[in-house]
Amino acid sequence: NAGVTQTPKFQVLKTGQSMTLQCAQDMNHEYMSWYRQDPGMGLRLIHYSVGAGITDQGEVPNGYNVSRSTTEDFPLRLLSAAPSQTSVYFCASSYRAGGPNTGELFFGEGSRLTVL
Amino acid sequence: AQSVTQLDSHVSVSEGTPVLLRCNYSSSYSPSLFWYVQHPNKGLQLLLKYTSAATLVKGINGFEAEFKKSETSFHLTKPSAHMSDAAEYFCVVSDLDFGNEKLTFGTGTRLTIIP
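For the protein sequence lines, the chains are A and R, in the order given.
Sequential numbering of the first sequence, starting at -11, is according to the numbering used here.
Sequential numbering of the second sequence, starting at 16, is according to the numbering used here.
In isolation and in its complexed conformation, chain A is listed as follows:
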């Protein structure tokens, strides 16, 4: 049982480059989300999706795009990387937003991104 799979685990970019962080889950979860983790700041929500074809912005969406064409996949795109986007990125999913498993997120192992 793979759970939530993120790729790549590590990436180094130059300022201005673009890239996509991949996230896939095999649990048929409706809700998927992207967080960034920075020292001393906990996790901050970037974008989320409550189902295929539906996405919305979180707390820190600027500089990132997402799409949800299937239930399983939720890629995060960095359009023009900046040093401020150096962070560890986590994809997380749950059965259903607002449902009986509210808040019970399943996390990937993270993608560590460095922007030079």
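These aren't lab readings, by the way, just hints derived from the structure by calculation.
Among the clues, some could well be false.
These stretches of chain A come out as covered by chain R in the derived footprint (C-beta under 8 Å, 3 or more residues) [claimed, not checked]:
| id | segment |
| --- | --- |
| 1 | 28 to 35 |
| 2 | 95 to 102 |
Keeping only pairs whose Cα atoms sit at most 20 Å apart, straight-line, the calculated EDC-like set for lysine to aspartate or glutamate is [unchecked claim]:
| id | chain 1 | residue 1 | chain 2 | residue 2 |
| --- | --- | --- | --- | --- |
| 3 | R | Lys73 | R | Glu103 |
| 4 | R | Lys73 | A | Glu97 |
| 5 | R | Lys57 | A | Glu92 |
| 6 | R | Lys117 | A | Glu18 |
| 7 | R | Lys117 | A | Glu92 |
| 8 | R | Lys57 | A | Asp14 |
| 9 | R | Lys57 | A | Asp26 |
| 10 | R | Lys117 | A | Glu47 |
| 11 | R | Lys117 | A | Asp44 |
| 12 | R | Lys57 | A | Glu97 |
| 13 | R | Lys64 | A | Asp14 |
Ideal placement from N, C-alpha and C gives every residue a C-beta, glycine not left out.
Assemble the complex: chain A is given as a structure, and chain R must be docked to it using the hints.
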């Protein structure tokens, strides 16, 4: 607006002694509360959750937390620390925001176990 405060950024205890990680929250409604654990270079894993049932919640690996509404606290405890408990712990509060779940994470407490 909801918020969560983890009162200690770093806690060190000796192996075999009790663990106490403190969390206070602020919420306009009746929140759900969670503790997550993150081992080095891993994703977060749910440790336990409170969702308006019993105020004393038991989780995995011998951890438990008590919801105290009068004190707006949800402290995490364990009677006897084990070396494998060394990790970062996050307190999380959950509210519904226009029908969508909104999670707010604390800034984390790093637990070090002294052999």
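Structure-based check of each hint:
1. Here's how the segment 28 to 35 of chain A fares: 6 of its residues keep a CB closer than 8 Å to some CB of chain R, so the rule of at least three is met and the hint holds.
2. Remark: the segment 95 to 102 of chain A is confirmed as covered by chain R, as 4 of its residues place a Cβ nearer than 8 Å to a Cβ of that chain, reaching the required three.
3. The hinted pair formed by R:Lys73 and R:Glu103 meets the criterion: a straight-line CA distance of about 19 Å does not exceed 20 Å.
4. Proximity of R:Lys73 to A:Glu97 is assessed by CA-CA distance (about 25 Å); at most 20 Å being required, the pair is judged violated.
5. With a CA separation close to 17 Å, the supplied pair R:Lys57 and A:Glu92 stays within the 20 Å bound.
6. The hinted pair formed by R:Lys117 and A:Glu18 meets the criterion: a straight-line CA distance of about 15 Å does not exceed 20 Å.
7. For the given pair, R:Lys117 sits about 12 Å from A:Glu92 by alpha-carbon distance, which is consistent with the 20 Å threshold.
8. Only pairs whose Cα atoms come within 20 Å are accepted, and R:Lys57 paired with A:Asp14 is accepted, the gap being roughly 19 Å.
9. Restraint check for R:Lys57 and A:Asp26: satisfied, since their Cα atoms lie roughly 15 Å apart, inside the 20 Å limit.
10. With a C-alpha separation of about 10 Å, the suggested pair R:Lys117 and A:Glu47 falls inside the 20 Å cut-off, and the hint holds.
11. Our distance criterion of 20 Å between C-alpha atoms is met by R:Lys117 and A:Asp44, whose separation comes to about 12 Å.
12. With a C-alpha separation of about 5 Å, the suggested pair R:Lys57 and A:Glu97 falls inside the 20 Å cut-off, and the hint holds.
13. Only pairs whose Cα atoms come within 20 Å are accepted, and R:Lys64 paired with A:Asp14 is rejected, the gap being roughly 23 Å.
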